[in-house]
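Given these sequences and hints, build the entire structure.
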Amino acid sequence: MSDDAPKKAEERQLTASQWQLIWWRFRKHRAAMISLAVLLLFYFVALFAGFFAPRDPARVDAQFAQAPPQPLVFLDKTGFHFPPIVYGYVGERDPKTLRKFYRVSADDRHQLRFFVRGDPYLIFGFIESDIHLIGTEDPQLPLFLLGTDLLGRDMLSRIIYGGQISLTVGLVGVFLSLILGILLGGVSGYYGGWLDIAIQRLIEVLRSIPTIPLWLTLSAALPRNLTQLQMYFGITIILSFIGWTEVARVVRGKFMSLRNEDFILAARTIGTSRFRIIYRHMVPSFISHLIAALTLALPIMILSETALSFLGLGLRPPTISWGTLLDGTQNLNAIALTPWLLLPVAPIIITVLAFNFVGDGLRDAADPYA
Amino acid sequence: MTMPEQKPLLEIKNLKMHFPIKRGVMGRTVGHIKAVDDVSLTIHQGEVLGLVGESGCGKSTVSRCIVRAYKPTAGKILLYDDAGGAVDLARIPEPDMLPYRRDIQMIFQDPFSSLNPRMTLRQIIGEPMRNYQICRGKALEERVAYLLESVGLRSEHMSRYPHAFSGGQRQRIGIARALALNPRLIICDEPVSALDVSVQAQILNLLRDLQAEFRYSYLFIAHDLSVVDYICERVAVMYVGKIVETADTATLFKDPQHPYTAALRSAIPQLNPRLRQLPVPLEGDVADPANTPAGCVFHPRCRFAEDRCRHEAPAMTATSPRHHARCHFAGELNLSGLSEPAATA
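These protein sequence lines map, in sequence, to chains A and B.
Positions 2 to 371 (the working numbering) are the ones given, in order, by the first sequence.
Positions 3 to 347 (the working numbering) are the ones given, in order, by the second sequence.
Source of the hints: derived by calculation from the structure; they are not laboratory data.
The beta carbon of each residue, even a glycine, is placed where N, CA and C say it ideally should be.
Among the hints, a few may not be true.
[Stated by the list, open to error] Using C-beta positions, here's what the derived DEER-type ranges look like:
(1) E96/B x W195/A: 14 to 22 Å
(2) L172/A x G139/B: 37 to 45 Å
(3) L172/A x G154/B: 43 to 51 Å
(4) S57/B x R277/A: 29 to 37 Å
[To be verified] To list a few chain A residues with every Cβ distance to chain B over 10 Å, as calculated:
(5) L15
(6) V61
(7) A337
Here you go:
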């Protein structure tokens, strides 16, 4: 249906759907927009981790164990470099402790190249490739932009690969929470009665259990011989075990208030079926609130996964997540001697902050009719 | 207005809607709010029946019982078909309501909350026809356009959302939705009381024109008597869950038989100073429907109350064939109508 009104912009406003109105309002929230861009970038990098990571995250370079980060050098006394260069390592031994350590030495330079061939990897699990965004011409030369861990694996590559798990474990967990929450909250709010009372008491009991001990118990109950993938899903289920209660409460409240709205009664009087009333009238009117609430719940999920994995009760090596990467920093030695092992904290903080800002923006924009 | 052949369309018999009051963790019932208590009403085909009363007197509850938003506690709601057969809407199970919902449509008080803000006009007005599989696609679009034009809106606006429209226009959208199924009865639940006075007149005229053209029956709920006077042929007055008086509109205003009706009437502003009368004061508060007084529910506020009124609930008595009042003294009190102005020149 075309409308040839001359005032196109005004017509656009008048025929704008809920999601357009939400988007227009969200766009005005600067911090949320920047955060959204950052998050999209993170997810994009995680999606093509093999390409962005300079090396295979599992590749062990024992001769470069615990090597410090190599800075990218664009400009030095030999001139301007683009693509940049890195300096090589010199191995030394501490005369007092006899501990071996590495120093970056300007005598040894390695020219970097974009789109070089290096360690092979799979895109989406089935497309073979060995092109990396950046790398040394000879893949055997050291390139550890964020240093290496105790076994000599590249931290940057591990952080990029860790994002694949850490960024999605929350999404899957939130998705499960959403399904459970809408289902149980909807039943509770729509039918009411003893079913409502039972579900509400269950939620109160679940929420009164301290979360960390609960998670510890649940993850201790997971069998030890699970595959990495099974473990991953086990953890998401544990995380959503508490998460759904919040969703269920929001959904219940919305159902109860919507049930008495005139437009719901109107829908009944014109013969709309109960099922259609729920999915066509009720759910669309609170789904945006729910998405905002869930965006704010995501960082909690990400932090929980990190905490569990850090305590050794979540995901376990060789699975790479930001939590398992921090596993190696549990002793003071590691922090004192190899502080770069703490670097996975940076993406965690950025992600959590970004989700919070996006959630704030969404919450403000969620109800364009208020 | 002409008196058409008086065939009943909807007959409400002894309708009761009592809401339980629940207290405590276990939800124990500690009493009932008698929102509607023994209401009997008949709406005839093609008739505009007004239902008036103060806020909280149960007018809206009656309308919501008719569309089965509530399942009545007791009583019958008989919907007659053209052959004279009837079905009791108060007793049929919810899933079987579908074919009868089509006959009874509703126009709501609040034009903002009664339209789903997330649907376009095409979807809002098309939904009833979609539900009953009356038409689809191009035909649906044409029918929506026709309905929009017939309530005074422009059909090219059907891609717009309700937020693009003013209160009066939204009320027109609500009317178009109610007309979509060609109902036999339209319940107008205070359709103009949320609107500006200037817009009120437009909407009332629209409702009246539609009624004149298509002979719809209206149950017109209002608390503004001048609105009722303008549009209704017959009026029922409600007080604390009960009908206290029914009569043709003209008769009711000229010659009320119930003291409550007289008090309501005296509250209508009168332009002609010669016809102005002293306001009939109503003292005290509306009775609590959870704890109604013994005897006549109106007796604590009635100027004429006697001992009998405190103990014995009055029955509906006819003072003329089309005029009934629930008062022990119906026909005996001097409740000076407009014909006998209290203030003489």
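Cross-check of the supplied hints:
| no. | hint | result |
| --- | --- | --- |
| 1 | E96/B x W195/A: 14 to 22 Å | 20 Å, holds |
| 2 | L172/A x G139/B: 37 to 45 Å | 39 Å, holds |
| 3 | L172/A x G154/B: 43 to 51 Å | 50 Å, holds |
| 4 | S57/B x R277/A: 29 to 37 Å | 33 Å, holds |
| 5 | L15 | 4 Å, violated |
| 6 | V61 | 56 Å, holds |
| 7 | A337 | 57 Å, holds |
Hint compliance for this structure: hint 5 is the single one not met.
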